[in-house]
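K.L.:
Starting from the structure of chain C, add chain L where the hints point.
The listed protein sequences derive, respectively, from chains C and L. Residues in the first sequence are numbered from 13 upward in steps of one, following the numbering used here. Residues in the second sequence are numbered from 13 upward in steps of one, following the numbering used here.
The set of hints was computed from the structure by calculation and includes no laboratory data. Some hints here could point you the wrong way.
It does not matter which identical chain is used: a pair holds within one copy or between any two.
[What the hints assert, rightly or not] The list that follows gives simulated cross-link-like pairs (lysine to aspartate or glutamate, DMTMM-like), each with its CA atoms no further than 25 Å apart:
(1) Lys194 <-> Glu283
(2) Lys450 <-> Glu532
(3) Lys187 <-> Glu352
(4) Lys643 <-> Glu172
(5) Lys205 <-> Glu352
(6) Lys170 <-> Asp210
2 protein chains.
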Amino acid sequence: MSTDPLVVFTPSGKRGRFPVGTPVLTAARQLGVDLDSVCGGRGICSKCQITPSYGEFSKHGVTVAPDALSEWNSVEQRYQDKRGLKEGRRLGCQATVQRDVVIDVPAESQVHRQVVRKAASARVIEMDPATRLYFVEVYEPDMHEPTGDFERLARALKREWDIPKITADLTLMSKLQPVLRKGKWQVTVALNKAHDDDVHRVVEIWPGLHEGGLYGLAIDLGSTTVAAHLTDLDTGAVIASSGIMNPQIRFGEDLMSRVSYAMMNPGGDREMTRAVREAINTLAEEIAKEAEISPELIVETVFVCNPVMHHLLLGIDPVELGQAPFALATSESVTLGARELDLDIINPRARIYVLPCIAGHVGADAAAVALSEQPGKSDDLVLIIDVGTNAEILLGDKEGVLACSSPTGPAFEGAQISSGQRAAPGAIEAIRIDPETKEPRFRVIGSDLWSDEEGFDEAIGASGITGICGSGIIEAVAELRMAGLMDENGLLGSAEATGTPRMVPEGRTHSYLVHDSTDEGGPRITVTQGDIRAIQLAKSALYAGARLLMDERGVDKVDRVVLAGAFGAHISNLHAMVLGMIPDAHLSKVTSAGNAAGTGARIALCNIAARAEIEQMVRRIHKVETAIEPKFQEHFVAANAIPHKTDRFPELALVTTLPSPNFNAGSGGGSGEDGGRRRRRRG
Amino acid sequence: MSTDPLVVFTPSGKRGRFPVGTPVLTAARQLGVDLDSVCGGRGICSKCQITPSYGEFSKHGVTVAPDALSEWNSVEQRYQDKRGLKEGRRLGCQATVQRDVVIDVPAESQVHRQVVRKAASARVIEMDPATRLYFVEVYEPDMHEPTGDFERLARALKREWDIPKITADLTLMSKLQPVLRKGKWQVTVALNKAHDDDVHRVVEIWPGLHEGGLYGLAIDLGSTTVAAHLTDLDTGAVIASSGIMNPQIRFGEDLMSRVSYAMMNPGGDREMTRAVREAINTLAEEIAKEAEISPELIVETVFVCNPVMHHLLLGIDPVELGQAPFALATSESVTLGARELDLDIINPRARIYVLPCIAGHVGADAAAVALSEQPGKSDDLVLIIDVGTNAEILLGDKEGVLACSSPTGPAFEGAQISSGQRAAPGAIEAIRIDPETKEPRFRVIGSDLWSDEEGFDEAIGASGITGICGSGIIEAVAELRMAGLMDENGLLGSAEATGTPRMVPEGRTHSYLVHDSTDEGGPRITVTQGDIRAIQLAKSALYAGARLLMDERGVDKVDRVVLAGAFGAHISNLHAMVLGMIPDAHLSKVTSAGNAAGTGARIALCNIAARAEIEQMVRRIHKVETAIEPKFQEHFVAANAIPHKTDRFPELALVTTLPSPNFNAGSGGGSGEDGGRRRRRRG
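Chain C with its partners taken away, still in its complex shape (with noise of 0.2 Å):
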């Protein structure tokens, strides 16, 4: 009695016998190899290539002859001749068993392969999307047993796919005939199962094998840009990145203001909803354009936003979320159709999922920085701050995570900002003010030059120098600290006081001048004592919230900051920690994540378990509300000074040694009084 040959498969290292003539494809599946294959084993999609290994593979205790695999066959041949195989290659599902062998299945033929994120921190997705491809044969009709072609369809995908119940909208039930029959009954359907439901939908069908792919898109739907990612569903590859400005813009700059609005005129919510599902059509379409692919292949969409913006684009009104207890419509997930969103560019079939919320100002934006950045799967306890016009804080370990929002306002976007501006070119985003003689020197968005660099001037070019966008601010505030020029209730000295005519007086109080080009009809940028108290406001209210997460944990002190949003990676850690922005830490101990809720909503798209992973979460985070906690009041006043009037920065001093001037010459005052007006304010 011979023994039937042995096959491993690398990278798992599975192994089985499997009888002589064997499909490689069979012998995968039924060690439970992660080897792909759309087409069921036919030679035709191709997906299921595998390399074989020859020689002697100590390891593995086996050696493997050059005739291990079965000679190529017609269908395989044929496949080599119209589209061709990489040298080595072979279709699994084709290439038969003949002898002890080595199988390594290539990382794109596995369904389950690793994406490797691009940003810092390099986690990895593992694909499993919701939506994916089958190809099947459906029987022909026969009139001795008239089901519908729908019921065949679904005997076909139960025989061949085991898939156990398949459910279609009318729009496919409509197509579903022609297609079968141009097909000759063979064809391929885009299946979307949600992880919280066994039923299998019929996203699209096509007649034959469909070559075309299928795309995703995750959108961070943001108050100010909806910026989207189309992602290719089968590599996991982001194959175009695109922004567009929300149109709601016009109804109001900041959320309050457009719950305000609609609060205001009858048939406001569905004016703003109106505008922001159409920009969500035009993203879409010129996405797909940039991507030259035809926007029915979109057939999913996961969105990610804050509580306001989640209720316009659903169409709720979010009048709730601008008064006490922030009661949100509904706070889990939401899978839906595209219709249903008036979303028509994209596959008219298209399911869509939107993260959970946390709570009624912590919203799926947050869930999904959270996904991202996994603090309940921390060792460490980690502060990650998604710094906004309502920045999310989030505070955790593996013990637990508490979130919270809190009302900084739009001044680090440079809103409220005597010279601010949005971060756009002849924006200054640096600054450094020379300890010594008080002059500064800056960068401006368009130019890495700073200028005092030789052809800055031709650098920015036509721009100019136009104003300071929040970067920019936040470094500039925290160098005139640094410098001396501001002490530490954030009052700036005088010309006299701090010897540096750079000190403008200003009615009672006094700017500093960072550039003047008034002589060319350009502007002055100055910062003036209302730029410090506007960003005072905003740090001692982000400050305040992540010290109300610590108190609720019990800790004077975080291990890490993760400062996330595009805003985040332009902040300068100490300038940060400088200005108090953030707890006192190491500086290597903060760092930027980046757009960590677009990647969160990638992963969302990508991976069905996450879905599942990121709501059982958000039940398990706890909640602080900032607006009803007596201590928040205290925790802000105290944050007001710079960096902070009790707490202690020891990890900042190890860096850096701040002045102590006192310009309080009894009048401007300290700017702790006015927090309490202030700090109830959404936005």
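P.N.:
Frame of chain C; chain L shown alone:
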């Protein structure tokens, strides 16, 4: 130790002992007694009314004292003052058990009350609709537990009603918050639970207790007319019935011509879909107006229809139904939302249920007939014929059910008949020919008088005598046969051969003059040899279909015959049998089921289990395809004779003796030959 009081419920006879103070509703629930409640025992909905019985009950071994139940409490008193309770009634949720008591649950307080149908067969429908009302109290939002309003509604329904999971679409979500607040966190929701799904869908929400009722439409969507019954989903009562012409008639009179229209005109199917959906909207509007209810209270609609109407309703091109193998796009039941069918008069979240089709020519209407007439539960072998342009035929008993359709054509509806017309005032609907004098007398629609009765002319009034409708032509042909004016082969005799001047020559054949009002400018109504041929074709097809099922079953005789359809109700048993439309049976065993398809729709509307039942039933029904069965042709030819060439009609012979003339003078010929051309026709 005292023993707890004994509570006996009638009519169920359920009994149990409960502690003093137990509300009657609680006792009923614990015993599984069917006692309704929408408000959950708050004393506001009055659904749980019961009647205590007092005195000696030897049957139950109980003596009920006057103080067996608690005295009226303030809630009950307030209800009594505001709304009034019937004499002797109490609110089951307020009255508590004090001593042994016998409690009667009146029919209107039962959830699963039985509704007696008006139809002759007097079957009952047990109420168990898919959509029910639930009154709940939702917890207010809390900043410390920031769940969404919808999630709190779900929890309230779980807590108070043990509803495991709810879902809602965005249109419901968008009205949720204002309704909850308007109702001060007390709301009534209408929940729909499909029979094949565990999820409860929120169809509607009202502030406070909703007392406006819930309604459903049972729609019989025919090729010619669309009939709807507006049904109270609480009581099962039909509140209003209304019909409307199917506007698709402008695209083709019969089904086959509509299929042709779709084949010949690109987009023709969509035109017809649009037309029928608009008609349904109109019908819904009219019926709601007639019943004086808001159409938004219509939360369910059940459709029964033939396969072509089924596809056109669903927006599926029926082209495949026009050619072998007559493949349905989908054969199983379809459940969907009103908006998917563009139904925008009824509640936008109303659920639609379309019964399954049996085969490509045996539709959901035949399934509805099966549900209503239950051939599979019959002890004797029953033949059920739904007469129409395409007759649907069921044959079966407890051993099994067979089904087929037969292309009878429109002759039975008066089409293709020289003096034929639709059943409308002025149409001759009954006719008798004196076997001695050969003179006719008749009745026209609009009057109960026969034409030889006094006052006939006045009674028919303005309509006059305009033509012959379907039942009239059947009777006319049968009467001609019984009067010896037509022979077994369907040949009409000449005036000479028959001895009556009413037989008038018409080319090489003869006609029978029924009525001549040409002198008064009216029509001349005859039955021509061509009319006889048309009826012969139709009845042969019907008989051949029935005979085919009898062959399949291996019988020569059925125990009873049920004629379904509005038309069936107007056919005289005797005449139908003389004509040989139906197989021989004792006349008392030939009954009419009225609009059995409509009844089936009502059953599926009122009882959710009936949906599962008919789906199961349809799967078990054995389909026979007449178009491919060689014996159909044989049966068709043999059935051409009147009543039949070969089959004996012993039961008919007991009632009447048919004369045996033979008018075949070598011209006019037999009529079997052209059957082959016609019999594949569908419509």
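K.L.:
Each hint: holds or not?
P.N.:
Now the hints, each set against the structure:
1. Lys194 <-> Glu283: Between copies only: 24 Å across chains, 43 Å inside a chain, cut-off 25 Å.
2. Lys450 <-> Glu532: For Lys450 and Glu532, the Cα distance is within 25 Å only inside one copy (24 Å; across copies 118 Å).
3. Lys187 <-> Glu352: both (20 Å within a copy, 15 Å between copies)
4. Lys643 <-> Glu172: neither (62 Å within a copy, 38 Å between copies)
5. Lys205 <-> Glu352: This pair counts as both: shortest intra-copy Cα distance 18 Å, inter-copy 21 Å.
6. Lys170 <-> Asp210: Both: 13 Å inside a chain and 22 Å across chains, each within 25 Å.
Violated hint for the displayed structure: number 4, the only one.
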